Amino acid sequence: MEDILNSIILLANFVIVPGMTYGSQLALGALGVTLIYGILRFSNFAHGETMAFGTMITIMVTWFMQSVGISFGPLPTALLALPFGAAAAVAIVLFSDRVVYKYYREKKSNAVFFLIASIGIMFVMNGIVRFIIGPKEQRFADGERFIIKAREFKQMTGLSEGLTIKMTQGLTVVITIIVVYALFRFLQHSKMGRAMRAYSDNEDLALLSGINPEKVVKITWAIAAVLATIAGVLYGLDKSFKPFTYFQLLLPIFAAAIVGGVGNPIGAILGGFVIAFSEVTVTYAYKKFLKYLAPEGMEPDSLMQLLSTDYKFAVSFIILVVVLLVRPTGILKGRVLE
Amino acid sequence: MSFLIGENMIGGYGSADNILKGCTLSVERGQIAVIVGPNGAGKSTGMKAVFGMLNLREGSVKLDGKDITNLKPQERVNIGMAFVPQTHNVFGGMSVEENLIIGAYRREDDFSDTMAQVYDLFPILKEKRHQPAGELSGGQRQQVAVGRALMTQPSVLMLDEPTAGVSPIVMDELFDRIIEIRNSGIAILMVEQNARQALNIADVGYVLVNGSNRFTDTGQALLENPEVRKSFLGG
Amino acid sequence: MTQTTKNFVYFAIMAGLLVAVGVIQSWSVSLSIFNLCLISAVMALGVNMQWGYAGLFNVGMMGFAAIGGVAAMLVSMPPVTAAWANGGGDLMMSGLMVVVTVLAIILILRKMPKGKKRNYTIAAAVIAGYFLIRHFYDPAVGAIESTEAAKYGYLGGLGMPILFSWIIGGLFAAGAAWLIGKISLGLRADYLAIATLGISEIVIAILKNEDWLTRGVKNVTGLPRPVPYEVDLQASEWFINLSATFGADPIEASSIFVKLCYTVLFMVVLGVILYLSERALNSPWGRMMRAIRDRRDAASAMGKDVKARHLQIFVIGSAVVGIAGAMLTTLDGQFTPGTYNPLRYTFLIWVMVIVGGSGNNWGAVLGGFVIWFLWVEAEPIGLFVMEVVTSGMDDGSALKAHLIESAAHMRMIMMGSILLLVMRFSPKGLMPEVVRHHD
Numbered sequence: 001m002e003d004i005l006n007s008i009i010l011l012a013n014f015v016i017v018p019g020m021t022y023g024s025q026l027a028l029g030a031l032g033v034t035l036i037y038g039i040l041r042f043s044n045f046a047h048g049e050t051m052a053f054g055t056m057i058t059i060m061v062t063w064f065m066q067s068v069g070i071s072f073g074p075l076p077t078a079l080l081a082l083p084f085g086a087a088a089a090v091a092i093v094l095f096s097d098r099v100v101y102k103y104y105r106e107k108k109s110n111a112v113f114f115l116i117a118s119i120g121i122m123f124v125m126n127g128i129v130r131f132i133i134g135p136k137e138q139r140f141a142d143g144e145r146f147i148i149k150a151r152e153f154k155q156m157t158g159l160s161e162g163l164t165i166k167m168t169q170g171l172t173v174v175i176t177i178i179v180v181y182a183l184f185r186f187l188q189h190s191k192m193g194r195a196m197r198a199y200s201d202n203e204d205l206a207l208l209s210g211i212n213p214e215k216v217v218k219i220t221w222a223i224a225a226v227l228a229t230i231a232g233v234l235y236g237l238d239k240s241f242k243p244f245t246y247f248q249l250l251l252p253i254f255a256a257a258i259v260g261g262v263g264n265p266i267g268a269i270l271g272g273f274v275i276a277f278s279e280v281t282v283t284y285a286y287k288k289f290l291k292y293l294a295p296e297g298m299e300p301d302s303l304m305q306l307l308s309t310d311y312k313f314a315v316s317f318i319i320l321v322v323v324l325l326v327r328p329t330g331i332l333k334g335r336v337l338e
Numbered sequence: 001m002s003f004l005i006g007e008n009m010i011g012g013y014g015s016a017d018n019i020l021k022g023c024t025l026s027v028e029r030g031q032i033a034v035i036v037g038p039n040g041a042g043k044s045t046g047m048k049a050v051f052g053m054l055n056l057r058e059g060s061v062k063l064d065g066k067d068i069t070n071l072k073p074q075e076r077v078n079i080g081m082a083f084v085p086q087t088h089n090v091f092g093g094m095s096v097e098e099n100l101i102i103g104a105y106r107r108e109d110d111f112s113d114t115m116a117q118v119y120d121l122f123p124i125l126k127e128k129r130h131q132p133a134g135e136l137s138g139g140q141r142q143q144v145a146v147g148r149a150l151m152t153q154p155s156v157l158m159l160d161e162p163t164a165g166v167s168p169i170v171m172d173e174l175f176d177r178i179i180e181i182r183n184s185g186i187a188i189l190m191v192e193q194n195a196r197q198a199l200n201i202a203d204v205g206y207v208l209v210n211g212s213n214r215f216t217d218t219g220q221a222l223l224e225n226p227e228v229r230k231s232f233l234g235g
Numbered sequence: 001m002t003q004t005t006k007n008f009v010y011f012a013i014m015a016g017l018l019v020a021v022g023v024i025q026s027w028s029v030s031l032s033i034f035n036l037c038l039i040s041a042v043m044a045l046g047v048n049m050q051w052g053y054a055g056l057f058n059v060g061m062m063g064f065a066a067i068g069g070v071a072a073m074l075v076s077m078p079p080v081t082a083a084w085a086n087g088g089g090d091l092m093m094s095g096l097m098v099v100v101t102v103l104a105i106i107l108i109l110r111k112m113p114k115g116k117k118r119n120y121t122i123a124a125a126v127i128a129g130y131f132l133i134r135h136f137y138d139p140a141v142g143a144i145e146s147t148e149a150a151k152y153g154y155l156g157g158l159g160m161p162i163l164f165s166w167i168i169g170g171l172f173a174a175g176a177a178w179l180i181g182k183i184s185l186g187l188r189a190d191y192l193a194i195a196t197l198g199i200s201e202i203v204i205a206i207l208k209n210e211d212w213l214t215r216g217v218k219n220v221t222g223l224p225r226p227v228p229y230e231v232d233l234q235a236s237e238w239f240i241n242l243s244a245t246f247g248a249d250p251i252e253a254s255s256i257f258v259k260l261c262y263t264v265l266f267m268v269v270l271g272v273i274l275y276l277s278e279r280a281l282n283s284p285w286g287r288m289m290r291a292i293r294d295r296r297d298a299a300s301a302m303g304k305d306v307k308a309r310h311l312q313i314f315v316i317g318s319a320v321v322g323i324a325g326a327m328l329t330t331l332d333g334q335f336t337p338g339t340y341n342p343l344r345y346t347f348l349i350w351v352m353v354i355v356g357g358s359g360n361n362w363g364a365v366l367g368g369f370v371i372w373f374l375w376v377e378a379e380p381i382g383l384f385v386m387e388v389v390t391s392g393m394d395d396g397s398a399l400k401a402h403l404i405e406s407a408a409h410m411r412m413i414m415m416g417s418i419l420l421l422v423m424r425f426s427p428k429g430l431m432p433e434v435v436r437h438h439d
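So the sequences go chain by chain: A, B and C. According to the numbering used here, the first sequence is numbered sequentially starting from 1. According to the numbering used here, the second sequence is numbered sequentially starting from 1. According to the numbering used here, the third sequence is numbered sequentially starting from 1.
Isolated chain A, as found in the complex:
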């Protein structure tokens, strides 16, 4: 019995908690991508850079707050700085929409030109981020580090496996729940949210209903930028901030959005968790876990790891390809990309 409990705790520690955390971060990122896709109808390659930009501003405001002695008690100061980062990210995406995308929208250009334009924006934002904060890794988490420490957990329960939940992990999940709840309230029940869904559903008819497309587009950018910043800050608090890592997050985020059904917000969340848990479960070494469960003398002697952690990306990508081939609309029905 104790072995079973130990094995569950072990799994919770190394699979469930990290999977929930990473899944939340991906879900927030994928929501932004999917909203942009639903309204503007293109895959935004600059989304990773938007995350990096918002996070960078948040980090700088955090440093400033720390230097003047503002803190958030046990919580990371970055949460206080986050609104500033989000506002900056909103400003920069609205600016990029105004000077770049709007032109192609008025010309009714093919989606692929939006995509190429987003690559241009990606370069520029990438340069700006590296120019301001540099390409190196930054850590900016402060406040209490743990919610539950392994040692305390062991003392409490008497088990030999300890459960650790970092503050950043708990915060990630809680904030994601709040944000997602607010977003869905907005999309389902507010006038603007409904207009966004209508525009995504049937653009021409939305125009015939008097919906102002430019307003819908602006609100969509703003929401995507706020979501990107939240995702970026949570990821950075949990792991660390490094511009190149944020660029690379684009792939699992796209995978999450597509796997869930691109253009479908619930799908984006589902997709985020599918991708995160696949990555974590496939790259986890089950040796110790099986030791608890296997009968005496039959314990595995290899690591029992399906794939090395270096192949994380491969996992999200293989899922993506399988979904594309088997069910191109995604798990929940999204739009098929044209």
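Keep in mind the hints are simulated off the structure, nothing from the lab.
A few chain A residues that face chain B, going by a derived Cβ cut-off under 8 angstroms, partial list only: (1) ARG194; (2) ALA195; (3) ARG197; (4) ALA198; (5) ASP201; (6) ASN202; (7) ASP204; (8) LEU205; (9) LEU207; (10) SER209; (11) ILE211.
Here are the in silico distance ranges between beta carbons for each label pair: (12) ILE177(A) / VAL434(C): 56 to 66 angstroms; (13) TRP178(C) / LEU80(A): 48 to 58 angstroms; (14) GLN305(A) / LEU107(C): 27 to 37 angstroms; (15) ASP294(C) / GLY138(B): 32 to 42 angstroms; (16) PRO135(A) / ALA12(C): 31 to 41 angstroms; (17) ARG344(C) / GLY138(B): 48 to 58 angstroms; (18) GLY222(C) / PHE184(A): 54 to 64 angstroms; (19) ALA308(C) / ILE4(A): 54 to 64 angstroms; (20) LEU94(A) / ASN8(B): 39 to 49 angstroms; (21) ILE177(A) / GLY138(B): 39 to 49 angstroms.
Treat the numbers as computed from the prediction; the structure is a model and nothing was measured. The beta carbon of each residue, even a glycine, is placed where N, CA and C say it ideally should be.
Position chains B and C against the provided structure of chain A, taking the given hints into account.
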């Protein structure tokens, strides 16, 4: 002086040849005007021209005496014109009720009365108000489409082949509803394939051929006109 | 100005810029830039085939370039016989198991009726195959990687002249492209882009982590060269005499001579590929490709097999990128999987094609030259700008130090701005596609 009139309209899509070659369409409040004609006569194009969906090279459009030739379609929505396209005319992923709410997007006032009126007009929609519009039958979807347009409280309702692809029974029922809408004082301009039935309910009928008016008369007179019967109504 | 004169002027300006670098900085720098311009031009030609001829949105160039790169290493390095002796047998066995598993799956697909039962059988075969493969693979990898790990720890290559790898690299890339294209070419632009981006990341992940094959991030250095070594030149009498006739210092001359040798080789490759590309573009085949690109539905209605044509051009274009990748690794003299970065190896090539003029081979070449030149020179330019900007500041100021240190990142901003500006104000690029009318 008609309430809505598109006069001597000449134009087409892009720089291609003119599809409309001097076509005049008008409708009064509380009237149904029906545009019929053979395929390729420019029926839908004529109506889209009245709604500003293509550029006119010549001619003008007036609503209630005001020249609106240069207004964009969205701006025409704001001054009380409503348009129901032939296809893709509902928000398929949204519920029936949400379709109606979106119809009232421009309105700041309380639109529950209008919604109640729409539900009175189309009782089946009230029953299915929480279902996604995309899951309804063809006839029901047309009702949602018309309902959405009515939510804007239009003075003019324009319908592009509202009975395309629905059964004869559903068509009759839909026409009955359109008469009800007319009776509430709204001007209705519609394009119809089912010429005979449509002219039956029409106060005014336009027979378009090759982008211009061939016959213009009351619906009844057109139905009785032997030439119209022979050429356009199949005898 | 007609387009032809314009084109001539563009290339003349480009040549002028390279000469200017030769005079101002040094001829050695200028030649280094020129050599990489040539490789960039080859890569851009490959992308131009896919995007310009056929409208395929492939953002996996990095993967194909890396496949070409690993081919250069595998062809040229001598085999490590000890590693083969230690782990070669097991590795072969695991390879055999891969084949057996694949065959088993194909057999199941062919023999069993569609349905749940077949799916379960396939799943069982995959799982069984996985464990069989790992059973041989794990010890093989262990044995190979522990064979003189500091020096080797991998199987080595074939010990053949590295020039062969330019062909082999192209073939490797073509094979990979065939497989990828089979899976993903049915997808429209956005999905194809994401799919190819993902595949290129996986290729890099494999090259970084399969140490038995590539030494991973430990890198393979000292690849044999196709051209003489500087030290040998400096020691040989004919070369000393040669440099004396030019009145040059033999050490500097040897470095320039080596670079010139590469230049000649690269120019031959670029010339051949450019010649073939132009021939292809103007052939009935090229016309058909463009017809498919511009009027896909009409072409498919006319009985053109769009998917097969797309696969064809995807394979050819990727092979060209593979060749360029092999050339690049040859020039570097080392294979370093850790240095592949999609911004540099994929998106920058895209900027080249769009700036040059998609659909125009000469445009792609020009784009390759211009963009590579700017990419390299952006650093000194950025530094110069920053020094001017900060000239009024205190020498000790942190801001000044930061600005000067960050000047290098200006190049990203510059590339993005160039891409956006060209797209907006000259969407056809510097050298627009020549629209040929059918006679």
